[in-house]
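**Q** Fit chain B to the supplied structure of chain A, relying on the hints for placement.
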Amino acid sequence: MNRVPLPPDLIGGALGIYERYAPLFWFGVRNTLLISLSATIIGLFIGLFFASLKQLKIDNKDNSIVKVTKVVLRVIANLYIEIFRGTPMIVQAIFLYHGLRPFIGWTPLTAGIVIVSINTGAYMAEIIRAGIQSIDKGQYEASRSLGMNHLLTMVFVILPQAIKNAFPAIGNEFVVNIKDTAVLNVIGVSELYFQSTAVAGIVFRFRDTFLITALIYLFLTFTTTQLLRIAEKKLDTPEGLVGASSSSSKNFFGFKRKRGTS
Amino acid sequence: MIDILNLSKSFGKQEVLHDISLNVQEGEVVCLIGASGSGKSTLLRCVNLLETPNAGKIIVDGVDITASFNIDDYRTKVGMIFQSFNLFPHLNVLKNCTLAQIKVLKRSQKEAEEIAYENLKKVGLSDFATMNVTKLSGGQKQRVAIARALCMNPKILLLDEPTSALDPELVGEVLDVIKDLAKSGLTMLIVTHEMSFAKDVADKVVFMDQGVVVEAEHPSILFNAPKQERTKAFLARIVHQ
Numbered sequence: 006m007n008r009v010p011l012p013p014d015l016i017g018g019a020l021g022i023y024e025r026y027a028p029l030f031w032f033g034v035r036n037t038l039l040i041s042l043s044a045t046i047i048g049l050f051i052g053l054f055f056a057s058l059k060q061l062k063i064d065n066k067d068n069s070i071v072k073v074t075k076v077v078l079r080v081i082a083n084l085y086i087e088i089f090r091g092t093p094m095i096v097q098a099i100f101l102y103h104g105l106r107p108f109i110g111w112t113p114l115t116a117g118i119v120i121v122s123i124n125t126g127a128y129m130a131e132i133i134r135a136g137i138q139s140i141d142k143g144q145y146e147a148s149r150s151l152g153m154n155h156l157l158t159m160v161f162v163i164l165p166q167a168i169k170n171a172f173p174a175i176g177n178e179f180v181v182n183i184k185d186t187a188v189l190n191v192i193g194v195s196e197l198y199f200q201s202t203a204v205a206g207i208v209f210r211f212r213d214t215f216l217i218t219a220l221i222y223l224f225l226t227f228t229t230t231q232l233l234r235i236a237e238k239k240l241d242t243p244e245g246l247v248g249a250s251s252s253s254s255k256n257f258f259g260f261k262r263k264r265g266t267s
Numbered sequence: 002m003i004d005i006l007n008l009s010k011s012f013g014k015q016e017v018l019h020d021i022s023l024n025v026q027e028g029e030v031v032c033l034i035g036a037s038g039s040g041k042s043t044l045l046r047c048v049n050l051l052e053t054p055n056a057g058k059i060i061v062d063g064v065d066i067t068a069s070f071n072i073d074d075y076r077t078k079v080g081m082i083f084q085s086f087n088l089f090p091h092l093n094v095l096k097n098c099t100l101a102q103i104k105v106l107k108r109s110q111k112e113a114e115e116i117a118y119e120n121l122k123k124v125g126l127s128d129f130a131t132m133n134v135t136k137l138s139g140g141q142k143q144r145v146a147i148a149r150a151l152c153m154n155p156k157i158l159l160l161d162e163p164t165s166a167l168d169p170e171l172v173g174e175v176l177d178v179i180k181d182l183a184k185s186g187l188t189m190l191i192v193t194h195e196m197s198f199a200k201d202v203a204d205k206v207v208f209m210d211q212g213v214v215v216e217a218e219h220p221s222i223l224f225n226a227p228k229q230e231r232t233k234a235f236l237a238r239i240v241h242q
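Residue numbers (this note's numbering), protein chains in the order written: chain A, 6 to 267; chain B, 2 to 242.
No wet-lab data here; the hints were simulated from the structure.
Bear in mind that the values here come from a model prediction, so they are computed numbers and not experimental data.
Mixed in with the good hints there might be a few duds.
[Claimed, not checked] Quick partial rundown of chain B residues pointing at chain A, CB under 8 Å, derived from the structure:
| hint | residue |
| --- | --- |
| 1 | Asn49 |
| 2 | Leu51 |
| 3 | Val64 |
| 4 | Ala68 |
| 5 | Phe70 |
| 6 | Asp73 |
| 7 | Thr77 |
| 8 | Met81 |
| 9 | Asn87 |
| 10 | His91 |
| 11 | Leu100 |
| 12 | Lys104 |
| 13 | Met153 |
Here a beta-carbon is modelled for each residue, glycine too, at the ideal position from N, C-alpha and C.
The shape of chain A in the complex, shown without the other chains (with noise of 0.2 Å):
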């Protein structure tokens, strides 16, 4: 390609990059996108599923079998949880991406989703946990007091408050995985920081090229940030997670006042 050269300050070298090498980027931003939202959700699922190992309680009535094997898997949470949040994720991310590609020969993409949620999940589970002991143990008292047993508790009562008053952190963990992502470049997966060492590789200013990367990954945060404060502002309603069913509107304004009839 013959073109006529870049220019040599910072924010003219950058528009040009940028003109000649947008699609490089966008390639990558999709991929990030693509990873750290996938990762998120699958996360959150991984964590409410330790969460819920780690609220297990050893109950005088069980026979010996369920003692152990409650014990066991309590264990098996705490031990994710420590190693997987004790340890950095580019760590983690080359020693399961080589650890693991003679067995299942997975794509760095593959590995990069399974990765950073492996890794989210444990942050999760904290985070899940913490929810949950945020409600109030009448909650979960009302419940059981119905008939509801341990498992149907957990789905229909306790989780949705728990997940509820954890959106913030759910969400501060999408941003988080945004940056996050980057660290993948070392098994090469082609998101938006390997991509940009590879725009810059070609023209050979690095500078230039990372105030792109840098104002891209700013768009990515922000804007997540403010649809998520969105989001938030929606689950604070009085209507919250039930959801803007036909109940809502009409009947809050449209009430009548009936006090101390009965």
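**A** For chain B alone, kept in the frame of chain A given last:
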């Protein structure tokens, strides 16, 4: 209907209930009174197995509930009303009433809603079905909680200080609902501080102090001519308040 035999309950080293024996007949309304910390609420929670007794038996309908058996099945037959309502804030009034019906009793949604409306009508709140529970007043919340419990067609209703968390002007509407239920022949065990209410509705008033049943009598006897010194002292304190 309920036979409590030599029941004891400790939290750690603290003995909260000591050798309690009490009998509740079918259709009877029994009020538990006594100072805070006397073990009334713990006794009530034992009947629903929210607390596991350390010793003694609770026999309901001929079945010893302290032995191993299906707790969830039993709990559908025993409704519980809490001081702090414990409505599910993420669900509207109607869904509060239908959730357990659908998930536990396996009723269809339509059937569950019909039953819910029926019971909401009993507590005077059928117009509020689609409202969010957080929008209700305390008295309304407690009435929804009662409707929610009634939806399970309980044989026994346990009420743990149902009006203690309410503003004074809202107490009446809840007590009225409970009085109606008492007349309908539902077996009820009520922990309360409302003495005049206890006098009104109870077939038997049980005075508890420091984890034991001091006296259990018809209200006309217990309030007018208590035999035990501790009962007299307690009632004197209440009257002077």
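**Q** Now, for every hint given, state plainly whether the structure supports it.
**A** Do the hints match the structure? See the list:
1. Asn49: Interface hint status for Asn49/B: holds (5 Å vs cutoff 8 Å).
2. Leu51: With Cβ-Cβ at 6 Å, under 8 Å, it holds.
3. Val64: violated, 16 Å
4. Ala68: Check failed: Cβ of Ala68/B comes no nearer than 10 Å to chain A, outside 8 Å.
5. Phe70: violated, 10 Å
6. Asp73: At 5 Å from the nearest chain A Cβ, Asp73/B passes the 8 Å test, so the hint holds.
7. Thr77: holds, 3 Å
8. Met81: With a minimum Cβ separation of about 4 Å from chain A (threshold 8 Å), the hint on Met81/B holds.
9. Asn87: Hint holds; Asn87/B Cβ to chain A Cβ min 4 Å, cut 8 Å.
10. His91: holds, 5 Å
11. Leu100: holds, 6 Å
12. Lys104: Since chain A brings a Cβ to about 5 Å from Lys104/B, closer than 8 Å, the hint holds.
13. Met153: Interface hint status for Met153/B: holds (6 Å vs cutoff 8 Å).
Of the numbered hints given earlier, the model fails hints 3, 4 and 5; all others are met.
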